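K.L.:
Take a look at the letters that make up each chain.
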Amino acid sequence: AQTVTQSQPEMSVQEAETVTLSCTYDTSENNYYLFWYKQPPSRQMILVIRQEAYKQQNATENRFSVNFQKAAKSFSLKISDSQLGDTAMYFCAFIEETSGSRLTFGEGTQLTVNP
Amino acid sequence: KAGVTQTPRYLIKTRGQQVTLSCSPISGHRSVSWYQQTPGQGLQFLFEYFSETQRNKGNFPGRFSGRQFSNSRSEMNVSTLELGDSALYLCASSAGQPGGSLHFGNGTRLTVT
Chain S
1 AQTVTQSQPE
11 MSVQEAETVT
21 LSCTYDTSEN
31 NYYLFWYKQP
41 PSRQMILVIR
51 QEAYKQQNAT
61 ENRFSVNFQK
71 AAKSFSLKIS
81 DSQLGDTAMY
91 FCAFIEETSG
101 SRLTFGEGTQ
111 LTVNP
Chain D
1 KAGVTQTPRY
11 LIKTRGQQVT
21 LSCSPISGHR
31 SVSWYQQTPG
41 QGLQFLFEYF
51 SETQRNKGNF
61 PGRFSGRQFS
71 NSRSEMNVST
81 LELGDSALYL
91 CASSAGQPGG
101 SLHFGNGTRL
111 TVT
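So the sequences go chain by chain: S and D.
Take the first sequence: its position 35, counted from the start at 1, is 35 in the numbering used here, and no numbers get skipped.
Take the second sequence: its position 44, counted from the start at 1, is 44 in the numbering used here, and no numbers get skipped.
Please keep in mind that the hints were generated in silico from the structure rather than gathered at the bench.
DSSO-like, lysine-lysine: derived pairs with alpha carbons at most 30 Å apart: (1) S:K55 x D:K57; (2) S:K78 x S:K55; (3) S:K70 x D:K57; (4) S:K70 x S:K55; (5) D:K57 x D:K13; (6) S:K73 x S:K55; (7) D:K57 x S:K73.
Predicted, not measured: the structure shown is a model, and the values here were computed from it.
Please model the entire structure based on the sequences and the hints provided.
P.N.:
Set out below in structure tokens:
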């Protein structure tokens, strides 16, 4: 069965610092897609970044970047220059290519950015 | 482009009743999927509809059902409500291609008393 594990339930970082959130996953499929979503107190799930498993190059979106290690089944998120607005629950998730829109989520990491 | 719209935002129901939640996807998106979020179980996939057909289904009892209309709007129904059905229900839409990004609505908070 496919699973996603986020081993850090809570993390905190000072404003302007860099923080890395960890994620490991398990799948027997070769073709899949990985995501990081953030969920602020407003409850809306917001896409942060997307990675295609067949691409070796790590995805980046402005201050957000990933370290994708396919052999290790690891997919960590790095947030640079942390801002107060980054405070949220962060979820790692993946979709297998044959699973339509069936996202499997991790348990989440609550990130707090302190002024 | 308007985002994913879920109505209502909040619902309070009594055990044994039934409830219908609505989701309007982003214009042009043909896939709508539903997720249940609870503190204990986290985020769990309920089902996905694509072009009015159920394409995927999670491990939920038959009390949970859904449908999709020709305009891609979707409804989710829960019958014979139980206390454990109290949750945030999230709807997401996508274009429907493999690995496509899902765009979520603000969710419906259901409380069963």
